[in-house]
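Peer 1: Position chain B relative to chain A; hints supplied.
There are 2 protein chains.
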Amino acid sequence: MRGRGVWDFMAGRDGIFIRACRMKKSSRTPVWFMRQAGRFLPEYRKLRKQYGFMDIVKDPKLAAAVTLMPVERLGVDAAILFSDIMTPLEGMGVRFRIEDGIGPVVDAPVRDFYDVESLRELDPYESTAFVMEAVRRSKRALHGRTPLIGFAGAPFTLATYLVEGKRSEDLSVTKSFMHSKSDAWHALMERLAAASAEYLSAQVLSGADAVQLFDSWAGGLSPADYEEYVLPYVKDIFRRLRGMEVPTIYFSTGTSVMLDSVGRTGANVISVDWRIDIGDAWDKIGKKALQGNLDPALMLCDIKTIRERAGRILDRVGGRPGHIFNLGHGMPPTTPVDNAAGLVSAVHEYGAH
Amino acid sequence: MRGRGVWDFMAGRDGIFIRACRMKKSSRTPVWFMRQAGRFLPEYRKLRKQYGFMDIVKDPKLAAAVTLMPVERLGVDAAILFSDIMTPLEGMGVRFRIEDGIGPVVDAPVRDFYDVESLRELDPYESTAFVMEAVRRSKRALHGRTPLIGFAGAPFTLATYLVEGKRSEDLSVTKSFMHSKSDAWHALMERLAAASAEYLSAQVLSGADAVQLFDSWAGGLSPADYEEYVLPYVKDIFRRLRGMEVPTIYFSTGTSVMLDSVGRTGANVISVDWRIDIGDAWDKIGKKALQGNLDPALMLCDIKTIRERAGRILDRVGGRPGHIFNLGHGMPPTTPVDNAAGLVSAVHEYGAH
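Chains as they are written, first to last, in the working numbering: chain A, 81 to 433; chain B, 81 to 433.
In isolation and in its complexed conformation, chain A is listed as follows:
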């Protein structure tokens, strides 16, 4: 595999983050944050004054620089590639833009079988060559000291943007499509699952040490709909990745009530949000690594509160192997950097006791 050396082997295969993914014991709990490379970092905001969001995503040098920012600034135990879940869709023929404060806006929403049929198969080395180059560059710059997480959007979450045209609160257009045109829905999910699997595989072959699948909106579904319309495709992605030697993470929010379904996705690590006690989550999910689960809103409180709440989570975990400390969702853009850095220290120091 390209770009793997002895240091990669150390961090990539036996660092504390990868060990936790594999449920192996380690000296302390690894910690990283979703959206750790984002607006709350002053160095990122500075860069954004010069470049648009997608400009950074599409420039491997800039994307790699942003990927490294939180490693340098916060000392997190994993880097995650700076990109967006929508990135590979362009290679499938979808035109969209990312609007500040709104998120992705799709030019021509997918609303019927014909629209689904017109989605092209993704060639990740061709259409998202810049992503693979950003992975390689990030990987090199990390010197094998910190593992790199690659990622993709899960089929359902990508489908909500494709069908609704933008972020929706009630997902009603998506659900209508799903129920009223279920053949087209299944065809859409099949294509998106194939694309996400290819895209993640390419990232691993380009050097990613782990991959995370983002299914941010899965919690809007009833458990029955999740089982019927979503779960089979998530399973399919993790099945396709099984041959690769990297751990897989499944992220969703609002799904704690259906942890039994989420636990059957086949991912090595399940990311849980803050709506469940992590001890209870573990009792329900059984022998699997867990990522989480501080309420991101706490990042705007005083550091004392943050440390106290992080401590409660670590206490509940009680040193069980297989815990990756994270927030239950993305880092709020208004988080004071000192709070994020303070939280990393709190998790690191906890391990030292």
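If you're looking for bench data, these hints aren't it; they were derived computationally from the structure. Among the clues, some could well be false.
If several chains are the same, the list does not tell them apart, and a pair holds so long as it fits within one copy or across any two.
[Said to hold, decoys possible] In the DSBU-like style, the derived pairs of lysine-lysine whose C-alpha atoms are separated by at most 30 Å in a straight line are:
id	residue 1	residue 2
1	126	384
2	246	384
3	364	315
4	384	261
Peer 2: Relative to chain A, chain B alone:
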């Protein structure tokens, strides 16, 4: 009590809705919808061309007319007073406006102990005399054939609007307030709980046959925060209402993962959203009446899908007494009226088999 007659007694105390609240057997499952008196009704939209939202709320004649609309149009088994959870706050000195598509916007958000101290005690007969008059008028117009549900906002949900100033996605300002100024938070919750209890009592004494407490945003909290900062005040309200002879309903969304907490609020009926199988919910919650739990997004599908999904819920309930059919949240404003009417028929016909 004012305005109660023999018919009131029939529908108010022994109609199928009240029987279900009391977990008594009845001939068929009662059905009503949250936001059934709202934008999806053409007769309401017509009225809104002439009057603002709060103009209708504050005019007892108009409010009563809107309250009756869904009873006449859909044949639902309960009417719910047309109003807004923010209504009583004006009587506590809070200035706000309801903006179309945004919701309540508070002029001066509550951000510290001083702001909390400046909230006045609510005298519901004085400040919301128009609400009590709307209750009496609705009650008379319903001729005791259909019970009338009164309602109030729960302290936490009201607090989110007061603290954030408007609807917030991550409730981060509210949570910051809660954690960093917890004395002020508890003082705020105490005042809001007292006001909601007084307001609901006044509605019952004015003729409401049941009351529902809306805690729409409770699902944004971790179970530990819900227990510490919210649950005691919800319990307090239902404790204060225990002497009244009407059933009480607690509504929230996204709380299925903490049904054990929600089940301890003291309400007679627990409203559950669509994120849990209703059979599973019942197993968890034990001997309590349940309201719910169709996904509101389904109202935009074809009627066949709606009937099929409603049937699944009724099948899962399996004739257990104590089920009130409802959506898991409010009726979407774009729902075709025929779908809502068709769903009422489906629930009514199911009982006839």
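Peer 1: Work down the list of hints and note, for each, if the structure agrees.
Peer 2: Hints versus structure:
no.	hint	result
1	126 to 384	within (29 Å within a copy, 54 Å between copies)
2	246 to 384	between (37 Å within a copy, 28 Å between copies)
3	364 to 315	both (19 Å within a copy, 28 Å between copies)
4	384 to 261	between (51 Å within a copy, 13 Å between copies)
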